[in-house]
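Protein chains: 4
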Amino acid sequence: MALTIGVDVGGTKVAAGVVDDRGNILEKVRRPTPSTNPKETAETIAEVVDLLKGKFEDVTAVGLGCAGFVDETRSVVMFAPNLAWRDEPIKAIVEGLVGLPVVVENDANATAWGEARYGAGRGHDYMVLVALGTGIGGGLVIDGELYRGRFGVGAEYGHVRVVPDGRRCGCGNRGCWEQYASGNALVYEARELARVSPALAGRLLELGGGKPEGINGPQVTEAAREGDAAALECFRTIAQWTGQGLADLTAVLDPGCFVIGGGLSDAGDLLLEPVRQAFTNALTGRGHRPLPEIRIAELGSAAGIVGAADLARL
Amino acid sequence: MALTIGVDVGGTKVAAGVVDDRGNILEKVRRPTPSTNPKETAETIAEVVDLLKGKFEDVTAVGLGCAGFVDETRSVVMFAPNLAWRDEPIKAIVEGLVGLPVVVENDANATAWGEARYGAGRGHDYMVLVALGTGIGGGLVIDGELYRGRFGVGAEYGHVRVVPDGRRCGCGNRGCWEQYASGNALVYEARELARVSPALAGRLLELGGGKPEGINGPQVTEAAREGDAAALECFRTIAQWTGQGLADLTAVLDPGCFVIGGGLSDAGDLLLEPVRQAFTNALTGRGHRPLPEIRIAELGSAAGIVGAADLARL
Amino acid sequence: MALTIGVDVGGTKVAAGVVDDRGNILEKVRRPTPSTNPKETAETIAEVVDLLKGKFEDVTAVGLGCAGFVDETRSVVMFAPNLAWRDEPIKAIVEGLVGLPVVVENDANATAWGEARYGAGRGHDYMVLVALGTGIGGGLVIDGELYRGRFGVGAEYGHVRVVPDGRRCGCGNRGCWEQYASGNALVYEARELARVSPALAGRLLELGGGKPEGINGPQVTEAAREGDAAALECFRTIAQWTGQGLADLTAVLDPGCFVIGGGLSDAGDLLLEPVRQAFTNALTGRGHRPLPEIRIAELGSAAGIVGAADLARL
Amino acid sequence: MALTIGVDVGGTKVAAGVVDDRGNILEKVRRPTPSTNPKETAETIAEVVDLLKGKFEDVTAVGLGCAGFVDETRSVVMFAPNLAWRDEPIKAIVEGLVGLPVVVENDANATAWGEARYGAGRGHDYMVLVALGTGIGGGLVIDGELYRGRFGVGAEYGHVRVVPDGRRCGCGNRGCWEQYASGNALVYEARELARVSPALAGRLLELGGGKPEGINGPQVTEAAREGDAAALECFRTIAQWTGQGLADLTAVLDPGCFVIGGGLSDAGDLLLEPVRQAFTNALTGRGHRPLPEIRIAELGSAAGIVGAADLARL
Ligand SMILES: [Zn+2]
Ligand SMILES: [Zn+2]
Ligand SMILES: [Zn+2]
Ligand SMILES: [Zn+2]
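Residue numbers (the UniProt record's numbering), protein chains in the order written: chain A, 1 to 314; chain B, 1 to 314; chain C, 1 to 314; chain D, 1 to 314.
Please keep in mind that the hints were generated in silico from the structure rather than gathered at the bench. Remember, predicted model here, so these are calculated numbers, not experimental data. A portion of the hints provided could be inaccurate.
Restraint-style ranges between C-beta atoms, simulated for each label pair [unchecked claim]: (1) R122/A with G202/D: 42 to 48 angstroms; (2) R122/A with G123/B: 33 to 39 angstroms; (3) E222/C with K211/A: 55 to 61 angstroms; (4) P34/A with G227/D: 30 to 36 angstroms; (5) D165/C with D50/B: 53 to 59 angstroms; (6) P34/B with G287/A: 21 to 27 angstroms; (7) R225/B with G287/A: 41 to 47 angstroms; (8) N37/A with G202/D: 19 to 25 angstroms; (9) N281/A with I25/C: 53 to 59 angstroms; (10) G209/C with G202/A: 57 to 63 angstroms.
Beta carbons are placed, not taken as given, at the ideal position from N, Cα and C, and that holds for glycine.
Looking at chain A on its own, in the form it has when it is part of the complex (with noise of 0.2 angstroms):
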C-alpha cells in the first residue's frame, strides 16, 4: 500500500499526517511555526516528516500545502505574507532535507484537492472551494483536475473586489470579498454591533466579557444558535455577501458544487441555508440554467494534510 506524508505549513503551526491512499490520516503529528525564519521552517518540516517516516516504512513522496503564493513548477515559494519565505526554493531544500520527493502546493488548494477527492466535493468534476476563516482561501477543480492558473496563484477569490471603496483590506486594496465574507467578517460585524448597538447586542457582550473586542467568531456560533437576534442579523449579514459572492464566481466558473469550509463552516445550517437563499437571489439567468450543489466541507482542518499527501502521490 503506497503512503504519501502531508504536511499543512501555516503561519502559526506546522500540521503532517502519513494518509493512504483512501484518504485516511494514520498518524498525525504537529509542531508550531517558527515563521520568522525560513531556515528554521524548513526544518520543522524535515523534523515531522522524518519523525512519521521513522514509523511508515513505505512512504513513497511528501506533498507541502504552503500558505502564499506557488510557482508554476509546484517547486517555489514565491511570497507568503505569514511566513518568512521569499521565492524561497522549498521543494528542493525539503528534498535535500529528507529524501523523499516532495510536490508544493498552496495550501487552500490543498484543501479543495482533499475535500474534492474524500470530501463533500466527490464525485464533482468542477468544484470551488471556499474557505471562510480569517480571510477566504480559495481552491478550484476543473474537469477533475487541481486548476492552478497560468503561473500557479489562481483561486485567490478573496481578493475579488466587492465593494469600490469599501474596507480596507490586508492586500493594501479596499473592499475585497475577505473582508465582507470570512469568519473574521463576522466577528467584525458582531464588534461593530456591539460597539454601536450594546442593548441590542447584550448577549454578545455578555460572551465577549463585556467589550466589542473581546467577542470572537466561535461566541457569535454560539449566540446565533441560541436564537440570539443580534447574532443572528450577524449571520445573515454574512451569508448575504457569500451568497452573492459564490453567485459572482458561479459566473465565471458554472461549477458543478460549492464547499465551504473554515472555521465559519462550523456553524453549520445557520451559515448554509441563507448562503443558499442569498445565492439564489443574487444568480444571473436563474430559471433558465442548471444550479451548483452548494454543501458544507467535511473533512475539517485535516483536508489540507489529506490533499497535499493525495497531490504527492499523482
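Since the structure of chain A is already known, use the hints to place chains B, C and D with the ligands on it.
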C-alpha cells in the same frame, strides 16, 4: 484539405464562412436573422450552409456560434435573450437540414476560440476573452482547451456584480460589470456627461446632432482621437472599470493573456493604455506575481466564424 | 389696497403677475426669455412690468424671483446657470427701466415664501420647500422669515451629496441629491428601466413612442396612475431617495413642515405616501421627537410670482 | 456685575462654573455623573450649583447644557442616550432644588453659543459648530441667535446619512456622518489600518501597546505630528469626510463661519488644512460664491459651561 463552415448566429444577422485549417475564411455570406421565428432561424442557417457547401465540396462539418446559453452536450440552446429559442435542439434540427455533423457553441466562446487559435491569443494556453460591445461577451481557454463549465454556461463575466445597488442590468440584477465596462457603458457615460455638462461636452454634442441621445460609440472614439477632453474622460472611466474587472478575473483565473474584443476594441491604444494602467493598480499581489498580457483582439467580427468552424473540426 | 408685481425669471420664460395682499393674482402675462442676452432679458422684465403697471395704477413695488445665486444685498445676480447673467446688478437696471422699487430674490426662495404665506405652508414658522423638477429647488422659512444664509445662497439642497462617486451632476460634482430625487430623476429611472428591461417596461415604452428616450415625466405619472408595475417601481425609487433626504434635512433643520413642489408634485399621493413612509423609516430619533408634516404644494407654478410679489411688499 | 452659572451635564461628568458677562469662568467644579439614576443626577447638579452660589452671592440664573434632546420650551429633556432621563422636567426640578431660574439647552448648542459669543465664532452671525468627539455634536447660530428648530432638536448633523448602506451607527441607522468624521472615526480608521496592514502601521501599533484595539485618538495625533505616514493617512481620510460634510452643510445653510471643536480639534492644523482642502474641492458653486471661514474652536471643554451660563443671562 479539411474545410469546415462556421456560422455566427446573432440577434440581428446570421454570418457564415468556409474556413480552412489555418483559420482563413475562403468565402463569406450573411443574412438577416428572422429572430422571432425559431423555425425560420434554423432554415436561414441551413440556407447559408447549403450555399457555401455548394461552392466547396470538401466541407466536413458545421460549427454554430449562438448568442445564448448552450447546454453541456453542445446540442441544445437553452435560452437566448435575442432569439426566440427556448430549449431548442438546434444541433439535431440543422443536422437534419444540411446533412453534415453540427457542433453548437456559445458565440462568445466561439470568438474566444477563434482568437486563441488564430488571433491575439495565439500561443497562450490560459486565455480570457472579454468582448466589450452591447454588453460583455466572455470566453475562456484553459490548458489549451475551450472552457465550458459544468453546465455549459461559464465565462459569463458581464454579470459579475461590481457595484452593490448599482445600475440596472438587463439580466434583472443591479451593478453588473457590463453596465460599467462595455461599448454601451461608454455611450452611457458620454450621454450622461452631455446631459449634465453640455458646455464641457460640446464636441460630443456636435457629433451627436445636438442631443445627448444622438451620441454613439464611434463618435466618442472619434472625439477622443481628436483629443477632446470630455471623450477622453469617458474613456478613462470605462478603462478604470475594465481594468478593475480584469484584476478581479486574474484573482480567480490567473490567466496568461487577456484579449479585449468587441466594438469598443476598435479604439485600440486609446482603450488599451488606460486599461493596463488600471489593471496594474488594482491587481492584488502586484510585485509578487507574473502579470498576464493584455491585448486587443485581431480578428474582429470574423473571430466568431473562424472559432465556430474550428470547433467543428476538432 | 397695496398691489405689487411678482416676476418669475426662468431660463425659458418670464412670467409676471399683479398680486394683492391676500396672495391673489389679478392679472398675469408671460414672455419667452431671451436668455442669452442679459440686456434683452432685463428689457423683457421691464416690458411685462410696464404692461401690468398700465392696467393697475396702484402698484407700489416689484419682486423678481430669479433662477440663480442672488447676493446678500438682494441686488445682484452673481451667477445664473441658465441665463447669461454674471454679477448682473439687476435691481438697479430694472429700477431704472420701470421706475419702481425692486427686490431681487432667488426663484426657489420666492416660491417657498409664496407657499409659506398663502399655500401649503400657511401657519408654519419653520418650513422647508423642496421643489422637485428639472433639479431640486430649495427654500427655507425660519421663525416666520425667509432664510437667505450669510451670503444669500442657502437652501440649495439639491447639491448635497447623497452617494459617494454617484451620478454626475450639472454642478460638476457627483452624487448630488437632485440626481436621485427630482422630476428628471424619475424620467431617468424610467428610461433606464425601459432600456434594460423592455418587457417589464412595455407600457412606459408604448407611451414613449417605442423608445426609452421618448418617455417623459407626465407619462410615468400616467402609467403609475393606471397601476403599471414598472412606473410604480420608478416612483418608489424616487420616493425612497426623497424621504431619506427629508430625514437628513430634519436632522439639520428640525422644521415643522415640508412642502413638496415642482412638476413631480403633480403626482400627489402617488408620491406623497411612499415619501412619508421612507421619511419615517429613515429619521434618526424617530419615537423620541415630534414629526414634521409633509405636504404637497398648493399654488403650483404661481407660487413664484406670488412669493416674489409679497417679498416686494415687505 | 451679573453672574450666572453654567453646567455641562454629560454622561460621565457634571462640570459647572460661575461665568461673568465677558465669558470668563471665575470658579469651576466638577463631579462624576450618577448617570443611571435620574434623581441623583438632578441632585448632583443642585449640589454643584449650591457650592458655587455659596461663593458668589450675585448669581442670578443657571444654564444647563444637557447631552440629549431638549423640548421646544427648553424645560424638558425628552431623551438622553447616555443619561437615564426620559421626558424629564429638569428645569422645574432644578429650580425647585436651587431656587434660581434655570434654562435648559442641548449641550452642543450651549457649546456653539459659547464659541459664537466668546470663542472662534466671535463676530459671525451665521455660525455652524461641529464638535468632533465620540460622535459629532452640532450647533447653529443664525442671525446672531441660537437656532433650536421647530421642536428644539435641530443641528444634529452627525446623523445625516453620507453613505447608503454604510457603517452602522448607534442611532440604529447606517452610514451616518459621525461614523466617518469624528474622533471615534479616526480611531476606527487607525485600528482598521493596523489590523489589515500591521507593517505599515508599525508606529501606531507600538503606541497602542501592540494591539489594534489599544490605539487611541491622542496616539494617532501624536504619530501624525511625528510625520508617521499611516497616521497621516488616517487624518486625510477623516478630513476628506469632514470637508465633504461641511460642503453639504454649506449648500443647506450658507454660513459665514464653521467652528470645529471636540477632542479631534486638538490636532489643530493637522486636521484643519486637509479639511479646508477637501471642503473647497467639494463645494458646489465654488468660484461663484463667497466662502465661509473654517476655524478651530478656542474655548475647549469650557465652551459648554460658558455658553450655558450665557444663555441663562439672556
Ligand atoms: Zn484584498
Ligand atoms: Zn446583469
Ligand atoms: Zn450637484
Ligand atoms: Zn446615526
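So, going through the hints one by one against the coordinates:
With their beta carbons about 46 angstroms apart, R122/A and G202/D fall inside the hinted range of 42 to 48 angstroms. About 37 angstroms separates the C-beta atoms of R122/A and G123/B, a value consistent with the hinted range of 33 to 39 angstroms. Judged by the Cβ atoms, the range 55 to 61 angstroms given for E222/C and K211/A holds: they are separated by roughly 58 angstroms. Checked against the given bound of 30 to 36 angstroms, the beta carbons of P34/A and G227/D, roughly 35 angstroms apart, stay inside it.
Here the CB-CB span from D165/C to D50/B is close to 54 angstroms, well matched to the stated 53 to 59 angstroms. The hinted range of 21 to 27 angstroms is satisfied by P34/B and G287/A, whose Cβ atoms lie roughly 26 angstroms apart. The hint said 41 to 47 angstroms for the Cβ distance between R225/B and G287/A, and at roughly 43 angstroms that hint holds. Taking 19 to 25 angstroms as the suggested C-beta distance range, the pair N37/A and G202/D conforms, at roughly 20 angstroms.
Taken as a hint, the range 53 to 59 angstroms holds for the pair N281/A and I25/C, whose Cβ atoms sit roughly 54 angstroms apart. About 59 angstroms separates the C-beta atoms of G209/C and G202/A, a value consistent with the hinted range of 57 to 63 angstroms.
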